[in-house]
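Colleague: Working from the sequences, and respecting the hints, build out all of it.
Protein sequences, first through last, are from chains A, B, C, D and E. When we follow the working numbering, the leftmost residue of the first sequence carries the number 1, and every step to the right adds one. When we follow the working numbering, the leftmost residue of the second sequence carries the number 1, and every step to the right adds one. When we follow the working numbering, the leftmost residue of the third sequence carries the number 1, and every step to the right adds one. When we follow the working numbering, the leftmost residue of the fourth sequence carries the number 1, and every step to the right adds one. When we follow the working numbering, the leftmost residue of the fifth sequence carries the number 1, and every step to the right adds one.
Which copy? The list can't say, so a pair holds if one copy fits it or any two copies do.
Lysine-lysine pairs mimicking PhoX-like chemistry, simulated, CA-CA at most 20 Å apart: (1) K379 x K320; (2) K100 x K41; (3) K171 x K188; (4) K171 x K73; (5) K332 x K379; (6) K165 x K227; (7) K324 x K379; (8) K73 x K227; (9) K165 x K73; (10) K378 x K320; (11) K332 x K378; (12) K324 x K378; (13) K332 x K320.
Source of the hints: derived by calculation from the structure; they are not laboratory data.
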Amino acid sequence: MEVFDVNFFLTSFIVLQGQCSGGTFTEYNNLYNTALTGYNKDGRPLQDQNHVMIVVLDFSLLTIADLDDASSKLVTVGLFTILWRDEVITWNQSLYENTKELHIDESLVWKPSMALINTMSINVGLLGFKQSKIEYSSDGVAFWHIADRYQTTCDFDTTYFPFDKQTCELKIVAWDYTIQGLFIYPLKPTVDLTYFSENGAWELVSTETRSEYLAYYSVVVFSLNLKRRPLYFVIYRLIPVFTMLFLNTLVFILPSDSGERVGYAINCLLALAVFLTLVSEGLPGDSEPMPVIGYVLTVYLIISAIICVLTIFILRLHHKEENKEIPPSFRKMYNILTCATCKKRSRTVEAYLSTTDSENVEENDKHKKSSVLPLTWKKLSSRLDFICFISSLSSVITVGVVYFVIVMS
Amino acid sequence: MEVFDVNFFLTSFIVLQGQCSGGTFTEYNNLYNTALTGYNKDGRPLQDQNHVMIVVLDFSLLTIADLDDASSKLVTVGLFTILWRDEVITWNQSLYENTKELHIDESLVWKPSMALINTMSINVGLLGFKQSKIEYSSDGVAFWHIADRYQTTCDFDTTYFPFDKQTCELKIVAWDYTIQGLFIYPLKPTVDLTYFSENGAWELVSTETRSEYLAYYSVVVFSLNLKRRPLYFVIYRLIPVFTMLFLNTLVFILPSDSGERVGYAINCLLALAVFLTLVSEGLPGDSEPMPVIGYVLTVYLIISAIICVLTIFILRLHHKEENKEIPPSFRKMYNILTCATCKKRSRTVEAYLSTTDSENVEENDKHKKSSVLPLTWKKLSSRLDFICFISSLSSVITVGVVYFVIVMS
Amino acid sequence: MEVFDVNFFLTSFIVLQGQCSGGTFTEYNNLYNTALTGYNKDGRPLQDQNHVMIVVLDFSLLTIADLDDASSKLVTVGLFTILWRDEVITWNQSLYENTKELHIDESLVWKPSMALINTMSINVGLLGFKQSKIEYSSDGVAFWHIADRYQTTCDFDTTYFPFDKQTCELKIVAWDYTIQGLFIYPLKPTVDLTYFSENGAWELVSTETRSEYLAYYSVVVFSLNLKRRPLYFVIYRLIPVFTMLFLNTLVFILPSDSGERVGYAINCLLALAVFLTLVSEGLPGDSEPMPVIGYVLTVYLIISAIICVLTIFILRLHHKEENKEIPPSFRKMYNILTCATCKKRSRTVEAYLSTTDSENVEENDKHKKSSVLPLTWKKLSSRLDFICFISSLSSVITVGVVYFVIVMS
Amino acid sequence: MEVFDVNFFLTSFIVLQGQCSGGTFTEYNNLYNTALTGYNKDGRPLQDQNHVMIVVLDFSLLTIADLDDASSKLVTVGLFTILWRDEVITWNQSLYENTKELHIDESLVWKPSMALINTMSINVGLLGFKQSKIEYSSDGVAFWHIADRYQTTCDFDTTYFPFDKQTCELKIVAWDYTIQGLFIYPLKPTVDLTYFSENGAWELVSTETRSEYLAYYSVVVFSLNLKRRPLYFVIYRLIPVFTMLFLNTLVFILPSDSGERVGYAINCLLALAVFLTLVSEGLPGDSEPMPVIGYVLTVYLIISAIICVLTIFILRLHHKEENKEIPPSFRKMYNILTCATCKKRSRTVEAYLSTTDSENVEENDKHKKSSVLPLTWKKLSSRLDFICFISSLSSVITVGVVYFVIVMS
Amino acid sequence: MEVFDVNFFLTSFIVLQGQCSGGTFTEYNNLYNTALTGYNKDGRPLQDQNHVMIVVLDFSLLTIADLDDASSKLVTVGLFTILWRDEVITWNQSLYENTKELHIDESLVWKPSMALINTMSINVGLLGFKQSKIEYSSDGVAFWHIADRYQTTCDFDTTYFPFDKQTCELKIVAWDYTIQGLFIYPLKPTVDLTYFSENGAWELVSTETRSEYLAYYSVVVFSLNLKRRPLYFVIYRLIPVFTMLFLNTLVFILPSDSGERVGYAINCLLALAVFLTLVSEGLPGDSEPMPVIGYVLTVYLIISAIICVLTIFILRLHHKEENKEIPPSFRKMYNILTCATCKKRSRTVEAYLSTTDSENVEENDKHKKSSVLPLTWKKLSSRLDFICFISSLSSVITVGVVYFVIVMS
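Modeller: Below is the structure:
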């Protein structure tokens with residue numbers, strides 16, 4: 001039955017748009033006054049009050065004006081077309097000089113009370129201009145057009161920020177009558193995008209409409225599937241962060257004698273903390289769901305702190321006096337780090353060559369007992385620098401890759 | 001009597017939702033006009049004006065849209081169902097073709113004036129759409145539904161921030177009549193959560209409703225017990241602060257010769273001050289109650305300042321010329337710090353070994369009188385470094401543990 | 001006469017609250033219609049138009065929602081009780097089945113037009129709900145209750161910030177009639193605090209009410225004496241600033257050879273500048289009155305700059321080559337600084353002891369001509385360091401103490 | 001026909017402004033009452049309802065109050081003059097004592113419902129004061145003046161920011177009637193700028209008006225072509241950025257022995273990151289279109305990071321021990337860098353001269369095998385410094401020039 | 001004629017304020033009903049419609065609530081007194097028991113439609129409370145009082161910020177009637193300041209009122225001449241900036257060997273950039289007019305950058321190896337810098353004295369060829385330091401003085 005109704009409405013609608021109202025002003029006034037005499041705008045205009053009043057909605061989206069994840073707000077501009085059949089305001093066209101339509105002020109007639117249930121405004125106002133006119137055809141089909149700027153809430157799931165997809169809804173609830181008295185449903189399965197102009201920050205992927213219930217009331221939902229355009233975040237946040245992280249790992253390349261290693265490491269860490277703060281301020285203050293990027297930046301902060309700790313540790317080794325004995329544990333570690341087995345031969349050669357250097361000759365004089373392995377604190381720290389550089393750089397890259405794999409899938 | 005009333009209302013309510021209004025449009029209009037003839041919307045619709053008008057409220061919470069501790073604001077979206085018995089608008093169904101319900105515009109009939117007394121809006125508006133309809137059953141029971149976005153104040157107690165629990169209330173006061181004339185009370189002992197969808201920043205623990213008085217007026221309170229989800233704060237604020245603090249204590253591990261100790265200490269202190277400022281800006285500007293986290297961060301700032309002072313002091317010792325005599329007081333302190341009694345033997349051995357080092361031999365030549373204890377300024381500062389590192393790290397951890405014990409209990 | 005009136009009102013008021021309106025709904029309607037027939041809401045309801053209409057106001061403060069010095073705003077929630085005698089709406093109770101009270105919609109009767117003259121809202125609205133009812137007793141005394149959230153300006157005097165006291169006022173002006181026609185005055189000498197709940201940032205010290213004139217109109221002023229709770233500012237602003245200042249003075253303790261003195265001094269200065277900016281942003285942008293704390297922070301900034309200058313100057317002396325002659329003026333200064341007269345003897349001894357040091361022996365070899373006073377550039381700079389440390393620390397403390405003495409008194 | 005209409009309106013308009021309404025107050029009231037008797041404000045005042053009602057709009061721009069690219073908002077203050085012919089309100093002047101005009105409250109007569117479809121306000125209100133009067137001449141031409149502050153959206157294209165041109169539009173849609181019933185078009189081809197006062201941030205280049213359709217409705221568009229004044233951005237953002245970049249390239253001039261190179265490089269990088277953040281916050285959060293300046297700053301950030309990497313690399317070479325062999329690859333690179341062929345001779349001379357220096361004599365003693373080319377690590381790093389300085393400075397300038405060429409064209 | 005009118009109004013006004021309305025309530029109602037019978041509020045209440053309706057305005061300023069140059073907003077609270085003569089509402093006092101005044105609700109009578117044309121509010125509302133009463137004397141003079149908070153735009157000229165003077169205007173336009181029908185002009189030549197309370201940020205220098213035209217409408221302008229109190233800006237912005245600049249020039253005093261020169265210079269530059277940003281954010285984003293202070297700060301930034309460049313250059317000279325020949329060009333420059341002619345003799349003596357120093361003796365041994373002028377790189381850099389210090393300090397002071405001369409005049 002409902003499908004039939006929609007087609008009926010559509011037919012009336014299309015027919016009506018193409019015609020003009022005939023007759024004189026006087027005849028129009030006669031019809032107008034006759035139609036409203038004895039009309040009760042507090043009763044559903046159905047001859048049989050046991051029937052359900054059926055109202056059909058169409059939504060034409062013009063623009064997505066704003067979509068803010070920090071305040072969970074969607075602002076849209078659009079046009080509602082609302083159709084129903086008023087069984088009281090009907091007339092015989094031939095009796096009124098072929099007058100085909102009546103425009104009656106909305107305050108004088110029955111109209112469905114509908115409200116945006118998920119509005120952001122403090123007062124949930126009923127839809128409508130308060131001053132607009134409703135158009136009636138001679139068979140009682142009422143056409144009501146509402147254009148407005150709708151500020152609705154949207155439950156964001158920022159887990160995969162900034163590569164996230166969101167589904168935002170405009171929920172229209174029919175008020176004043178339960179579903180036994182008033183039933184609303186969408187005219188088309190999708191939102192009308194004929195006059196839609198693109199938004200710069202979000203891409204509209206698809207739309208759909210559906211019918212629902214809230215308590216005893218009928219609800220129509222217009223839902224928009226949106227995809228964030230990530231370029232802004234990538235350019236202004238991710239590139240600086242990754243640049244900073246890459247520079248941070250370079251602290252191990254910086255010569256230990258430069259006297260600037262720790263200052264460099266702490267500066268990189270501070271810069272990362274600043275970017276972490278910037279990103280966190282641009283996100284909603286919700287703890288559930290937590291964006292993956294938040295965890296990633298925290299992990300990066302901790303990696304940066306570990307780099308700082310390692311820098312201090314290596315610097316301490318580097319500044320040890322050369323005549324102090326290197327403990328066997330360090331020697332062992334050194335051997336392991338230089339991959340004792342696989343590089344044995346090459347190292348022997350190396351050791352041979354290095355002893356011929358003037359430097360090592362001197363050292364040999366001093367440290368007789370360490371002659372087998374002419375390991376010095378400086379050498380140890382230099383080796384550690386290399387190991388740390390490789391491992392910190394690879395951990396930064398690994399975390400980044402894992403993040404992109406997660407959010408992209 | 002009141003309990004009876006509630007049941008009576010509930011019965012009417014449930015029955016009404018399942019039926020539809022019979023009769024024709026004309027008969028509906030007759031009934032409508034008869035009911036409103038001679039009706040006075042400024043008088044309580046009670047046949048005996050000595051009676052108290054009893055109004056029952058139910059609140060169905062849809063979402064907690066916002067809960068902001070800085071501005072002490074709670075924003076909720078919900079649905080009020082308001083029920084009372086109008087003894088004037090009653091009719092015999094059989095006389096009106098079985099018409100079971102009337103929908104009358106709220107501006108034409110008596111209705112309880114109720115206001116949210118703890119609203120954030122500048123104008124305390126009366127509840128209501130200004131345009132909605134009230135539904136009457138034939139025995140005069142009136143059903144009034146109000147859906148809105150309510151912006152109310154909530155008195156936050158941020159002492160245990162961010163592990164705090166809050167109780168926020170929506171206080172509805174019945175206006176225009178004192179409790180002798182109008183009495184409101186909640187329909188159910190809790191808020192209806194059938195259509196509730198979770199909030200990302202706060203967890204709704206439980207709800208309750210109760211009746212109260214304000215001056216001469218009847219009040220109904222819907223209270224929500226909420227618990228903050230702390231993950232956001234932990235990730236974006238606490239982890240960076242603790243990372244920074246841990247790095248700060250590492251200043252004593254940094255070699256004194258690196259020439260970066262003081263710069264490192266002051267940078268860590270500045271970073272802490274920045275985070276203190278960030279946290280303070282996210283909290284309400286109230287001095288009472290003061291969040292414990294505020295005191296903790298201040299204590300951490302002072303610890304960080306003490307670390308800075310100690311660093312400067314140790315650096316001064318370190319830079320003393322070696323041929324300057326170490327005062328006996330410092331020697332004593334050194335002995336105490338190295339735990340004279342318990343480590344005596346090990347130290348003797350140590351001293352023995354060290355004198356065999358080439359370094360100490362040289363020193364022995366210079367400082368004859370200090371031969372018993374070959375204490376140098378460098379040794380002293382190195383020992384102090386170790387002591388300071390241990391004590392600062394343990395004080396940071398202690399304060400953190402004490403904080404968590406306080407806020408968690 | 002006026003004192004009599006108040007008592008008369010109070011008596012009627014108290015009596016009325018304890019009774020209920022008798023009679024039937026029909027009888028109530030009869031009375032209602034009789035009372036409003038021929039009523040003119042544009043005329044003062046006085047039988048003799050030469051009389052002054054006297055209106056009495058009571059204000060019950062519920063909460064101080066916000067008090068913001070940056071925008072000079074006070075937000076309060078409260079309940080106005082407004083009383084007057086309508087000489088036209090009176091009736092004989094016995095004729096109307098003992099009906100004791102009438103509730104009439106405010107749009108149908110005369111009521112005093114009153115406005116909050118110091119409101120923050122852009123439109124100075126008249127007080128009132130626009131929909132509430134006014135209660136009349138049989139002798140014509142009208143009771144009107146208004147609860148609202150009032151956003152008023154408050155002229156802050158932040159001279160002694162954050163230890164300041166403010167007096168904020170709600171000024172109600174009677175509109176439409178000059179004082180010859182309408183006179184309003186407060187019911188009680190203080191604001192009613194029965195339902196008041198404390199504010200976390202401000203303490204309500206006392207309240208008072210008074211009558212005033214504005215041009216030709218009668219005004220009632222409800223004034224609130226408030227005292228700021230300074231803990232927030234002390235914890236989050238003053239403690240960091242003083243910590244920073246104390247650390248700043250320590251620059252002179254930092255060894256000159258550390259190579260970090262100037263960096264340390266400039267970092268402390270920058271931190272102070274940041275806090276100065278933070279404090280300045282939290283204050284109103286007014287130049288009159290200027291908070292004392294603003295001057296104090298500026299003085300601290302200048303002290304910090306002087307410390308920086310001195311650090312550079314001392315460093316310059318310290319870096320002078322030792323074989324350069326110290327000019328007599330410096331020698332003289334040195335003598336003065338070491339307090340030539342009072343410390344003469346001790347210094348002679350000191351000089352004696354020092355010449356026995358190996359260090360000075362070497363120096364004596366080099367500088368024959370300076371043998372009388374073995375003053376070196378390093379010694380001079382070291383002495384200056386000590387003097388500067390003492391004087392900068394004492395000036396910081398002095399300024400702080402002077403500030404507290406000023407603001408506390 | 002339409003052109004004729006406009007002239008007709010203009011004539012009436014001009015004539016009317018110069019005259020005054022004759023007659024007495026009584027006669028005016030007679031005419032007023034006669035005109036409104038039987039008037040139906042819900043019917044188009046056309047004797048033949050088959051005709052289209054034509055409404056003409058003129059827009060006089062007073063000021064551009066605000067134009068904010070971050071929120072895509074245009075705020076204008078202007079004056080609409082709306083003209084149409086009401087065929088019902090007409091009279092014979094001679095019958096009414098020469099009364100030439102009627103002023104009727106807008107709520108009593110038919111008027112075109114028009115709305116700003118691209119408004120920023122949450123409620124798309126119909127145009128109009130709600131209380132103003134419409135002026136009618138005796139031939140039925142209605143003059144309606146509306147002055148307001150219009151807050152409209154403007155789709156910014158910030159690609160060439162801050163040297164961009166924008167076209168912002170005020171779109172007026174005729175409501176309630178489809179184009180068969182109501183047609184609006186602009187009075188003049190441009191916006192009236194007689195009373196326009198210039199805006200400090202944007203230059204109004206030109207204006208135009210046009211007619212359009214939206215769904216079934218008639219639309220008039222007033223479009224403003226604006227050009228941003230870039231001085232603010234140049235002074236406060238570009239000059240600091242370029243200053244910072246220039247200083248950044250100077251890191252290669254800074255002596256390697258100064259021990260401040262890396263600190264200097266990282267500080268310049270951080271300053272750039274701060275300015276990048278400042279610029280990004282002043283732009284809309286859109287990813288499409290992305291301003292070219294965003295890419296430029298990102299490229300600059302990467303150049304700055306590369307400078308940092310090169311600094312570390314050169315510093316590493318500089319700190320290499322001189323007795324370590326320089327690998328042939330470095331030698332080759334050095335030769336290439338010093339442009340082996342073209343500078344051969346000059347270098348030979350240089351080499352000759354340098355060997356006579358005492359420094360090189362010493363070096364010659366140490367490194368026999370490198371006697372042919374007395375290349376040292378220090379020399380290599382010094383040469384690299386020069387190359388890097390030249391190339392970084394030229395790349396900074398190149399990117400800047402390319403940017404200006406793109407945005408200026 | 002107009003001057004006469006004003007006096008006439010003033011007389012009526014003063015007389016009326018001192019009297020009270022006689023008669024009984026019943027008689028008052030009779031008069032009220034008589035006056036309004038047949039009244040048409042859409043017609044100008046002039047017996048001869050050819051006359052111009054003259055309306056007189058007086059404005060009493062209470063406070064300047066806000067004056068914000070960033071958003072070009074002026075917020076004032078004030079009281080309008082509006083006077084005109086209604087030739088229809090007149091009566092013979094003796095016929096109505098000496099009733100001297102009528103108070104009629106503004107919605108029932110003709111009143112001039114006036115609007116603030118330069119309002120900041122989105123909807124240009126007509127002036128008025130919507131509910132207030134207009135007072136009529138028996139000769140028809142109408143008194144209308146409007147108190148409100150007015151949010152108007154003010155076209156700021158911040159060229160001489162913060163020592164600027166502004167002229168802000170409240171422009172009231174008479175609506176609905178052209179100047180042939182309605183003419184408004186100010187009652188007094190200045191704004192009434194009887195109840196004015198001073199603003200903390202701006203000083204009210206003088207006020208004036210004048211009559212104007214806008215299109216065909218009459219306009220009254222109340223203009224306020226204001227002078228900014230600059231103390232806030234001086235204390236919180238200029239003093240820190242000049243402190244920072246002074247410290248910046250001290251970089252040349254800092255010993256070259258300290259190893260902190262470049263770090264110091266870049267830190268000062270960054271601090272300046274931060275203050276430049278702070279100042280720019282407090283100013284409107286307009287490019288025309290550009291505040292002089294913006295240019296000054298940019299010049300200071302460039303000076304600071306030049307200081308940084310010079311520091312690097314001098315440091316490079318200082319780090320040159322001493323055995324490298326100083327090119328003749330540098331020698332020449334040195335001679336010029338030391339002012340060859342005027343200081344010749346003193347320098348010769350100096351040179352003589354210095355050669356006797358042990359230092360120079362050593363140098364003489366090394367550099368035979370430079371014996372004539374024992375110029376070293378260190379000497380050259382030291383001399384350059386001094387020159388640069390003097391010139392940078394003087395350029396900073398010069399720019400500052402020029403700025404103050406410009407803005408003060």
